[in-house]
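K.L.:
Using the sequences and the accompanying hints, generate a full structural model.
If you read the protein sequences in the order shown, they are chains A and B.
In this text, residue positions in the first sequence follow my numbering: the first is 135, and each later residue adds one.
In this text, residue positions in the second sequence follow my numbering: the first is 1210, and each later residue adds one.
Derived by calculation from the structure, the hints in this document are not laboratory data.
Be aware that a few hints might be false.
Partial chain B-side listing against chain A, Cβ under 8 Å, derived [stated by the list, open to error]:
id : residue
1  : I1227
2  : V1246
3  : K1248
4  : I1263
5  : K1267
6  : F1290
7  : P1291
8  : E1292
Glycine included, each C-beta is placed from N, C-alpha and C at the ideal position.
Now for the letters of each chain:
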Amino acid sequence: MIKDLHEKLINQEIASEQLTSDYFAKIEEKDPEIKAYLSLNKEFALDKARAVDKKIKKGEEIDLLAGIPFAVKDVICTEGIVTTAGSKILENYVPPYDATVITKLKERDAVILGKTNTDEFAMGASTENSAFQITKNPHDTMRVPGGTSGGSTAAVAADECVWALGSDTGGSIRQPSSFCGTVGLKLTYGTVSRYGLIAMASSFDQIGPIAKTVEDAAIVLGRIRGRDPRDSTSMPTADKNFEDGLTGDIKKLRIGVPKEYFEGKGLDPRVREIIEKSIQKYKSLGAEIVEISLPSGKYALAAYYVIVPSEVSANMARFDGIRFGQSIGAESEKTGADYTLWDIYFKTRAKYLGREVKRRIMLGTYALSAGYYDQYYIKAQKVRSLIRKEFEEAFQKVDLIIGPTAPTPAFKIGEKMEDPLEMYLADIYTAPANIAGIPAISIPCGTIEEGGKHLPVGLQLMGKWFDEEKILNAAHVFEKS
Amino acid sequence: MLSKSEVQKIASLARIEITDEEAEKYSKELSEILNFVEKLNEADTEGIEPIAHITGAKNVLREDKVVPYSEETKENIINNFPEKKDRFDKVKAVF
Chain A
135 MIKDLHEKLI NQEIASEQLT SDYFAKIEEK DPEIKAYLSL NKEFALDKAR AVDKKIKKGE
195 EIDLLAGIPF AVKDVICTEG IVTTAGSKIL ENYVPPYDAT VITKLKERDA VILGKTNTDE
255 FAMGASTENS AFQITKNPHD TMRVPGGTSG GSTAAVAADE CVWALGSDTG GSIRQPSSFC
315 GTVGLKLTYG TVSRYGLIAM ASSFDQIGPI AKTVEDAAIV LGRIRGRDPR DSTSMPTADK
375 NFEDGLTGDI KKLRIGVPKE YFEGKGLDPR VREIIEKSIQ KYKSLGAEIV EISLPSGKYA
435 LAAYYVIVPS EVSANMARFD GIRFGQSIGA ESEKTGADYT LWDIYFKTRA KYLGREVKRR
495 IMLGTYALSA GYYDQYYIKA QKVRSLIRKE FEEAFQKVDL IIGPTAPTPA FKIGEKMEDP
555 LEMYLADIYT APANIAGIPA ISIPCGTIEE GGKHLPVGLQ LMGKWFDEEK ILNAAHVFEK
615 S
Chain B
1210 MLSKSEVQKI ASLARIEITD EEAEKYSKEL SEILNFVEKL NEADTEGIEP IAHITGAKNV
1270 LREDKVVPYS EETKENIINN FPEKKDRFDK VKAVF
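P.N.:
In structure tokens, the structure reads:
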């Protein structure tokens, strides 16, 4: 879709200003129901669009992403534009800086339409934990879009933007992509700078694209990746365009099917059927299907729910009502209440942080506390090593690993809110990739009919560290077939 | 597994004020989750080192020099202070 729009722009069949206005009109029409957006960026967007149109008229060369409207998950800092992370504690927070990804995309003249809804501080699997609103799945508005990038995936699925940025810590780009029928790409850890991404779990978080097609995701990847001196965990990556690597050839590609993925009772039989058909399709397209075993996968979610809350408890310490965000202190000025410093910390966090966030902070605080550190945190980090080792061994036998993205299609709004543990199980197929740091993509591979609606199902492909090219190519082939 | 008083202790470490009722609720929820992660003990991690950094990167350094920022940025940072006096962030006495 991006290439088509780009052609139309440079041939002056359409102007970016018109394109951008059209998208704002679509948002006005659909978003009162879908509620994908938390805020819109009309003035700046149209200014940027007009600037791009001027460049085109002058005959200047523009990037593929120039003049094309996209949305940004509200956990990514945008200078001068309110960034909430889906939380009351940042309700009126205006970042004084742009995240590195935003700087890169602005340099390419991409047009930011607005900020999309997210579970609070990216914790959840349905976008229901947002402190502001519940986003609906465009395919069935009684159901969740998935999470935590549910706002972004719903916006792409509902044609409220051409593509969007999301973030993925345990499946937050892929699972909502599966639920909404979009392409969602989680990159190898270290590919994209985390500078400006409101941190959740620093050794898991990655920003990535959500789009209508694999080619679009590939186009965005090439423009957001790169070593950033401001993020010391970012790694040097090949300076190239990934859309050029979509050769369409997958003969001799070895695709691994982990037998454990199909043994669990939690996998919906209708999802299983669609995934099995997809695997057969790859076979017919020339790939070699190899059965593999990832026995430590069963510990992945347990390790995840020890390490992630531990990192969360450290990252959330900065929200203390002192330097930014909402604060009890600011209120006491008006009410005249006499607070101590302790009160500022305790009461600000109590009042403005949501339940799931508090749950994870406490879980992490416990796991890291004296007497429990070895039992929980160190043990989980050892299991993390084990899981990583298993992937290393598997990738000696296969090029890619295939499976379902999520065990079920989109569930109904409110269905999993009572039991936090049930919500956690939604990430069972996606979390391992974040634990090991490997890249993974979710692509639509079919739908399930229920209640007269067609619920999308996502197919997940995982690849070797920094081997995005292979998974993109394989995903592209499937999409085109 | 996690008693109400333990939950109160944790909340105190985490600097979050919780009510008695919340302590009760969190005690149930956190116990359930901790029960789930007990699974980790089944894993054989004999001889396995805990993972240090996922990319294997070590000691990534940069030059220790001051990078000047614009007046505008400085103003924007100051504007975010919940309580301020002139260009200072106003906080309660530490002692």
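K.L.:
Against the structure, test the hints numbered earlier, and report the numbers of the ones violated in rising order.
P.N.:
5
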